[in-house]
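Trainee: So you can see what is in the structure, the chains are spelled out below.
Protein chains: 4
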Amino acid sequence: MTNSPSSASSPNSPRPHPAPASALPFELQVRYSETDQMGIAHNKAYLDWFEIGRTEFCRRQGLTYKSIEERGYYLVVVEAFCRYKKPLRYDERFVVWTSLREITPKKTAFAYELRTPDRATLIAEGHTVHIAVNRGGTVTPLPADILEKISSPVG
Amino acid sequence: MTNSPSSASSPNSPRPHPAPASALPFELQVRYSETDQMGIAHNKAYLDWFEIGRTEFCRRQGLTYKSIEERGYYLVVVEAFCRYKKPLRYDERFVVWTSLREITPKKTAFAYELRTPDRATLIAEGHTVHIAVNRGGTVTPLPADILEKISSPVG
Amino acid sequence: MTNSPSSASSPNSPRPHPAPASALPFELQVRYSETDQMGIAHNKAYLDWFEIGRTEFCRRQGLTYKSIEERGYYLVVVEAFCRYKKPLRYDERFVVWTSLREITPKKTAFAYELRTPDRATLIAEGHTVHIAVNRGGTVTPLPADILEKISSPVG
Amino acid sequence: MTNSPSSASSPNSPRPHPAPASALPFELQVRYSETDQMGIAHNKAYLDWFEIGRTEFCRRQGLTYKSIEERGYYLVVVEAFCRYKKPLRYDERFVVWTSLREITPKKTAFAYELRTPDRATLIAEGHTVHIAVNRGGTVTPLPADILEKISSPVG
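Residue numbers (numbering that gives the first Met the number 0), protein chains in the order written: chain A, 0 to 154; chain B, 0 to 154; chain C, 0 to 154; chain D, 0 to 154.
Hints are computed from structural coordinates only; laboratory data are not their basis. A couple of the hints might just be wrong.
Quick list of in silico lysine-lysine cross-link-like pairs, BS3-like style, CA-CA up to 30 Å [unchecked claim]:
(1) 105/A with 85/B
(2) 85/A with 148/B
(3) 84/A with 106/B
The task is simple: from the sequences and hints, build the whole structure.
Mentor: Written out as structure tokens, the structure is:
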């Protein structure tokens, strides 16, 4: 079974748009300050949510992003993409499904899907690409133990 | 706060990376609150800057984005992409070059380049795609006069 | 993401700095994008957290802020204050304790305390004052049923 | 003469609400992403604008805030207050008037007024209080040369 919180979907419900295998879900809610005068969540808020998605992905792999930085590695964003399918409104709940798309010592890529809590509706999808640098900004390969943890099978 | 295209570079200087022919420049500066603990501008700030770029693009075409909304048309973002080439630091000045990539009654796309004020260095590049909707969120073709103004030759 | 009042501290633990009697707690965590280059949460993030605090306060009083706006009332902020006592770092957990300080048909005030999850340390404290306006921005007294719900004793 | 850009007001116009003597003006414009679904600038945006105000205040005193940090001093915010008098809408221009209210080696306070470009209307007013700390967060008195520059008479 791909993903976890049993509360995220009923076992008997149809899943016309299954989230990617190995994706990890994290539920969020639209903040008032994330809306704009169009009455929907502003496009930049999704990049925050992607960031929270990969933070939680790492945490559940047994590695906080904070601890990666404390060891002197920074995963800077070199590419970000988002396709917005349905608007999100204030106070609406949704789930970010984060999966690891690629990992090498120098480059990591995550994919994201935002879905309604029942999984049925795809709200947005996207990806980010990261390179590993040190505090001074020089490209620095990630050590083996970090690579292994991030890429270990998702429980 | 703004440069006209002609003031942004000396006529005799080499232009190894020319900005797109019809692009309009707008100068900005990194705000403290736009940095994160990595000491560089956060990835989501670029989406704000793209938005400012297209706002100013429309304004110089003789059409404020505000007036488009007042007539009942909203250009919702359906796709956003950014490639980050060089980090930007607090208080650093840069120029957003915005160009119209595509326009039809239902779909508009803008391309962006962020460059150092001397144009020599490409800091980031990206694009956004928009569809026109009405206040209720229904796809609504843009009227001819708005299309014409946005797509008229850039002065 | 949330604690009920009872779960936020053990009943037998000393409470050297008790949160206000009628305050409602809501647990949050510092987002990466909320930090700045000083390595701590930016001062403006606290106003977001206050807003989330009062949103959750209203929700637990049986009234979503969303429903208040749907009925045509907007609680615009006319005053905001925050005293920052301890810095907050990326990924740190904390609890916003929100209490109603004053409510009349035209004016509402909330007080906030940010504390460590064990309640022992006060991180920040502040307040916001709101007036009720209609969609057009005119001051409009809140109806009795909204007033009663917001000001009913906190469970 | 207190404040400068001759363009900020006509010499013959009445000034019913003069900005404080020694305040420095900086013009800004409301970004789309700074609005919320109420259709006005969100309350937290004002703290960004205050920050820009004091950044520009320091710059015009011959001292960039960036250079203060490079010398190892950080002016952390320990108190922030804002009174919101008139809403600000998307694309609206306004001027932040920043003045130094107090400065000692350990504590600095700035006051702010947001006004319409013609100065006639007060949009918001507030203040921030800062203490000087070093990179490790320990309170560290500002050196005499920084104090002198910040507190020198405003040109």
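Trainee: Evaluate each hint against the coordinates.
Mentor: Hint-by-hint comparison with the structure:
This hinted pair checks out: residue 105/A and residue 85/B have alpha carbons roughly 17 Å apart, not beyond 30 Å. For the hint linking residue 85/A to residue 148/B, the alpha-carbon distance of about 29 Å falls within 30 Å, and the restraint holds. Of the pairs offered as hints, the one joining residue 84/A and residue 106/B holds, with about 14 Å between alpha carbons and a cut-off of 30 Å not exceeded.
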